[in-house]
Amino acid sequence: MRKFFLICCILVFECVLLKSSDKTVHISGNVYNQKNDDISYVTVKISDLKQTVATNSKGYFSFPTIPAGKYNIRFSHISYHTLDTVLDLNNNLDDIKIVLYPSDKKTDEIVVTSTRTYKHLENLPIPADVISDKDIENHGILKLDGALSEQLGLNVLNNHGSGVQLQGLDADYTLILLNGEPVAGRTGGILDLSRFTLGNVQRIEVVRGPSSSLYGSNALAGVINIITEKPSIPLGLKTSLRYGSNSLLDLTGNVQYTDDEHKLGVDLFINRYFTKGFNLKETNLGQTVPEVESYTFNTDIFYNFSLNTNLKFSGRVNFDNDKNKFTVIASGDSSLVNTLVKNDETNFSIKFNHKFSDKIDLEARAYTTSFGTKTNSNYAATGEFYSDYSFWQGTKKMEIQSNLYSFLFANIITAGLGGEIDNVEAGQIANGGQSANLLYGYFQYDSNIDSNFNLIASIRYDSHSDYNPHFSPKIAVSYNPLTNLTLRASIGNGFKAPDFEQLYLDWTNPFAGYSVLGVAYVEEGIRKMNDQGIIDTLFIQPKNISKLYPESSFSLDFGFNYYYDKYFEFKANAFRNNISDMIEFLRIGIKKNGQNLHTYTNLNRIYTQGIEAKIKSELIGNFMIEINYQFLQTGDEDVLDKIRNKKIYKRGSTGIDRPVQEVEYGGLFYRPEHSGALKLQYNWVDENANISIRALFKGQYGWADLNGNGILDDKSEYAPPTVIWNLTASKELFSLLTLQLGIDNILGYKDIRMLSVSPGTTFYINLTLNLNKY
Amino acid sequence: MKHTHILILSFIAMALVISCSKEVTEPNNTNTARSTTISNLPADTGKTGHFTFFRLSDSSFVELSDSNTAKWDLGFASTTIIVNSGVRGPGQGAAIVLRQTDFNSVTEAPETGWVTETQLAPPAIPTGSDNGWYHYDGAAQTITAIPGVVLLIRTSDGKYAKLQVISYYKDAPQVIDPNDKTRMYTFRYVYQPDGTKKFQ
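Protein chains in written order, with my numbering: chain A, 9 to 782; chain B, 2 to 201.
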């Protein structure tokens with residue numbers, strides 16, 4: 009068969025030669041990509057003549073003398089689709105323009121969060137996503153919560169700040185990293201994502217599924233890593249201004265410098281954000297969302313001692329003031345109280361990296377972070393003191409990590425060792441403050457068993473001063489049956505350490521009068537309360553209250569990535585998380601005032617399971633469409649047990665109290681069964697303009713218990729489904745200036761009861777001056 | 002070939018999560034003893050710290066000045082409900098909190114388990130969310146009667162009654178707005194005047 013084909017080719021070849029032996033012509037032209045950039049090193053081959061040339065740095069190629077005739081010409085380049093064309097050359101042909109389209113994404117996205125080493129996104133065994141600076145810019149997003157709310161399977165909720173639910177798990181089960189280091193400062197388990205301005209963010213990586221085997225506590229549902237811009241150009245200046253509804257004024261400035269040898273690079277960033285906030289309820293004196301003024305300073309510096317040795321410094325300081333007011337009613341009189349919340353946050357890291365050879369490198373990291381918040385409330389009329397509150401927390405951490413390459417059948421073997429000291433100071437913490445320490449080690453084996461099969465196994469051990477130690481293993485595999493298709497599966501364990509409150513709280517609710525004691529403090533706390541004679545009954549003796557275990561998960565995940573070149577991307581993922589040893593309130597007694605005395609215990613078991621899917625397509629020219637969807641089911645195993653044992657009642661439609669039936673149970677609160685987003689974007693490449701519209705859909709979800717049994721089991725307890733449409737339009741002017749107009753929540757959806765943080769429709773205008781090109 | 006892979010995967014994934022749903026069955030309404038319903042009983046709406054006293058036998062209010070007599074059976078102040086005995090009054094009052102039952106199916110009060118007011122706090126009917134008759138929900142900021150809870154009351158003069166709190170809000174709204182007026186009890190009860198513990 010092959011021989012026959014060869015003969016045919018030779019025959020054709022000879023015919024061509026015979027036909028056009030007398031006349032010669034020349035042909036030349038340029039090769040560009042979609043954006044009109046020249047492409048160098050494109051191989052241009054006239055196979056009929058066995059002649060090959062390559063384009064120069066201007067994308068120019070030429071064949072000075074070839075016999076006239078009809079030829080098949082092939083243009084090929086590793087990063088682009090190969091283009092075959094037939095040219096009938098009877099005359100000279102100059103200045104032909106060839107446009108090549110980028111080939112599949114293999115060369116694009118590199119992620120670091122999933123494995124703590126650099127890996128290609130598309131055939132990674134662990135589900136991950138990247139939000140690029142381009143997406144952030146095109147969608148007109150200022151803060152991290154805005155960026156995450158448009159992503160697959162991420163549900164941003166507002167309660168003690170904006171937190172993100174991932175795979176149906178609460179915000180405290182997702183680890184937030186800044187340049188790979190954990191950020192401090194959670195209130196009620198939630199790290200307020202609106203603290204992070206995105207003006208200097210290069211990309212955000214989202215890893216789904218447990219990653220405790222590398223990162224330790226809180227990396228149970230996943231990891232979100234904010235990666236700030238690294239200096240890369242000789243000199244650049246970028247500044248932007250945004251003005252919008254509710255007196256929003258956001259100013260950013262960014263300066264970059266790198267020397268000629270690329271030895272030293274410096275990036276400085278500053279941001280000021282202000283909004284007057286808003287009030288949804290006319291009758292309320294206080295505001296639904298307070299007035300906020302915040303500042304962020306960020307710097308990234310690198311210094312390369314040599315090709316193999318470098319030092320990186322990254323520092324961020326963020327502080328904000330929130331102003332609000334509320335009324336207090338005491339003995340029939342109501343008075344206005346002004347309240348001021350001051351938050352401050354710092355993150356500093358130094359990384360020293362040395363490559364000993366192609367086989368081994370080593371990185372040493374030092375990191376310190378702190379978060380403090382202070383609330384002061386004073387009577388508006390008299391200025392007299394009403395109440396105050398302060399909380400401060402800090403972590404100091406040292407870590408070394410080494411990577412061994414091509415060793416023991418592995419691509420990369422990664423091992424790390426570290427320790428940290430955590431401090432907390434707050435009025436409600438026992439003795440006004442506590443300190444704890446943690447030691448840990450992790451190990452990862454990453455092997456390509458054959459070219460289509462990748463195995464990553466990792467394990468981490470955490471030993472803490474105040475809770476039981478924990479091992480977190482994980483195994484992930486991927487297989488490529490086709491070049492564009494990757495199947496993946498993983499199984500792993502994640503954990504969440506007891507937080508400071510669960511360990512050391514010593515707090516009595518000033519209004520209701522109930523008390524909560526942390527487990528590490530409960531013996532001492534009860535002794536003190538007994539001395540004061542305020543305990544009525546104890547159900548459990550404090551010595552019988554056991555030391556806490558970290559909350560622990562068992563997670564399964566499988567899915568696939570499918571790419572059809574750059575035009576079509578389809579990813580889907582099915583997951584199941586079982587969490588056991590959930591730390592819950594444990595009622596241990598009744599106080600003399602009739603109120604409860606609580607501590608914490610490892611009690612509940614919950615599960616979440618579902619499917620995440622994303623389709624992204626650029627099939628038609630400059631039109632981009634993305635659809636993402638999440639199906640989610642959740643439940644509390646202990647509630648299910650109680651329902652099965654007929655321990656939970658409800659008032660049925662006939663007015664009779666009866667046991668809740670299993671089919672009525674709606675799982676955990678705040679989990680929409682269906683959620684997703686539709687994103688459309690159109691680019692006018694020649695005009696340097698684009699328009700983007702996004703619809704964010706959230707199906708009905710359990711909002712609160714309204715029928716007194718504490719669980720989600722009634723239709724009235726669900727919040728209605730919502731769709732929120734956001735629109736942005738951008739246009740580049742004079743190639744330095746970008747003008748953007750945006751409308752958030754076009755249809756003006758607001759719900760005072762359940763969606764209190766949306767003020768309805770808001771508008772903004774954004775101007776960015778970018779001098780990075782010069 | 003490519004498409005078959007995706008199809009198979011999608012189907013496996015779908016099969017994993019599709020669960021069959023069943024119908025909810027409601028028990029039949031078996032009406033038994035006629036009950037008395039009291040609406041909008043104010044329970045210290047002025048936040049003065051005083052109880053509103055109530056007599057079950059004739060469904061009447063008792064003056065605050067009679068707080069130290071055996072004329073009343075129940076006292077209401079915010080979420081606290083007291084009976085007339087011990088530190089609260091000279092009567093024979095006592096209570097039992099029954100759980101996981103229905104008002105109609107409670108046909109007889111038990112012999113034992115009666116709690117009297119031996120101290121100011123906690124009272125015979127425990128206070129605090131989920132301890133006694135109510136549940137406080139932090140998200141909705143509402144106080145709701147726990148379904149399946151029935152209060153058995155021994156009156157000041159040693160008679161028996163069963164009682165069920167229906168609402169803590171004015172006019173017993175179906176859907177509570179946290180701004181609705183609170184401390185306005187709606188409850189129903191069956192009083193047995195013959196001194197037996199039977200409610201049939």
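Quick caveat, the hints were computed from the structure, so don't treat them as lab data. Keep in mind that this is a model prediction, so the values were computed, not measured. Be careful, since some hints might not be right.
The following residues of chain B were derived to be distant from chain A, with all beta-carbon distances above 12 Å [stated by the list, open to error]:
#1 Glu27
#2 Thr37
#3 Ile39
#4 Arg56
#5 Ser66
#6 Lys72
#7 Pro111
#8 Glu112
#9 Thr128
#10 Tyr137
#11 Pro148
#12 Gly159
#13 Lys171
Part of the chain B face toward chain A, derived, beta carbon under 10 Å [said to hold, decoys possible]:
#14 Gln101
#15 Thr102
#16 Ala122
#17 Pro127
#18 Asp138
#19 Gly149
#20 Ala173
#21 Asn180
#22 Asp181
Computed from the model, here is a short list of chain B residues facing chain A with C-beta under 7 Å [said to hold, decoys possible]:
#23 Val25
#24 Thr38
#25 His136
#26 Ala141
#27 Ala146
#28 Pro174
#29 Val176
For every residue, glycine included, the Cβ atom is placed at its ideal position computed from N, Cα and C.
Results of checking the hints against the structure:
Against the 12 Å criterion, Glu27(B) falls within the reach of chain A, whose nearest CB is about 5 Å from its own CB. For Thr37(B), the requirement that its beta carbon stay farther than 12 Å from each beta carbon of chain A is met, with the minimum near 16 Å. The Cβ of Ile39(B) lies farther than 12 Å from every Cβ of chain A, with a closest approach of about 17 Å, so its non-interface assignment holds. The Cβ of Arg56(B) lies farther than 12 Å from every Cβ of chain A, with a closest approach of about 24 Å, so its non-interface assignment holds.
Every beta carbon of chain A lies more than 12 Å from that of Ser66(B), the smallest distance being close to 22 Å; the non-interface claim holds. The non-interface label for Lys72(B) is consistent with chain A: the shortest C-beta to C-beta separation is roughly 25 Å, beyond 12 Å. Look at Pro111(B): its CB is around 18 Å from the nearest CB on chain A, clear of 12 Å, so calling it non-interface holds up. Chain A leaves Glu112(B) outside its interface by the beta-carbon criterion, the shortest separation being 24 Å against a cut-off of 12 Å.
Distance check on Thr128(B): its Cβ comes as close as 4 Å (rounded) to a Cβ of chain A, failing to clear the 12 Å threshold; non-interface status is violated. Not every beta carbon of chain A lies more than 12 Å from that of Tyr137(B), the smallest distance being close to 8 Å; the non-interface claim is violated. For Pro148(B), the shortest C-beta to C-beta distance to chain A comes to about 4 Å, within the 12 Å cut-off, and the non-interface label is violated. Once the 12 Å rule is applied to beta carbons, Gly159(B) is consistent with being away from chain A; the minimum gap is 26 Å.
For Lys171(B), the shortest C-beta to C-beta distance to chain A comes to about 17 Å, beyond the 12 Å cut-off, and the non-interface label holds. The closest approach between the C-beta of Gln101(B) and any C-beta of chain A is roughly 6 Å, which is under the 10 Å cut-off, so the hint is satisfied. Taken as an interface hint, Thr102(B) checks out: its beta carbon lies about 7 Å from the nearest beta carbon of chain A, inside 10 Å. Interface hint at Ala122(B): satisfied, since its Cβ lies 4 Å from the closest Cβ of chain A, which is below the 10 Å cut-off.
For Pro127(B), the shortest C-beta to C-beta distance to chain A is roughly 7 Å, which falls under 10 Å, so the interface hint holds. About 5 Å separates the beta-carbon of Asp138(B) from the nearest beta-carbon of chain A, less than 10 Å, and the hint is met. A cut of 10 Å between beta carbons decides the hint on Gly149(B): the least distance to chain A is about 3 Å, and the hint holds. Below 10 Å, beta-carbon pairs count as interface contacts, and Ala173(B) has none with chain A, the closest being about 12 Å; its hint is therefore violated.
Hint on Asn180(B) holds. Least Cβ distance to chain A is approximately 8 Å, under the 10 Å limit. With its C-beta approaching chain A no nearer than about 12 Å, Asp181(B) sits outside the 10 Å limit, and its interface hint is violated. Because the closest C-beta pair between Val25(B) and chain A is about 6 Å apart, less than 7 Å, the hint holds. Because the smallest distance between the Cβ of Thr38(B) and any Cβ of chain A comes to about 12 Å, over 7 Å, the interface hint for this residue is violated.
A distance limit of 7 Å between C-beta atoms decides the matter here; for His136(B) the minimum to chain A is near 4 Å, and the interface restraint holds. A least Cβ separation of about 4 Å between Ala141(B) and chain A falls short of the 7 Å threshold, and the interface hint therefore holds. With a least beta-carbon distance of about 5 Å to chain A, the hint placing Ala146(B) at the interface is held under the 7 Å criterion. With its C-beta approaching chain A no nearer than about 11 Å, Pro174(B) sits outside the 7 Å limit, and its interface hint is violated.
Residue-level restraint check for Val176(B) holds (minimum Cβ-Cβ distance to chain A is 6 Å; threshold 7 Å).
In this structure, the hints that do not hold are numbers 1, 9, 10, 11, 20, 22, 24, 28, in rising order.
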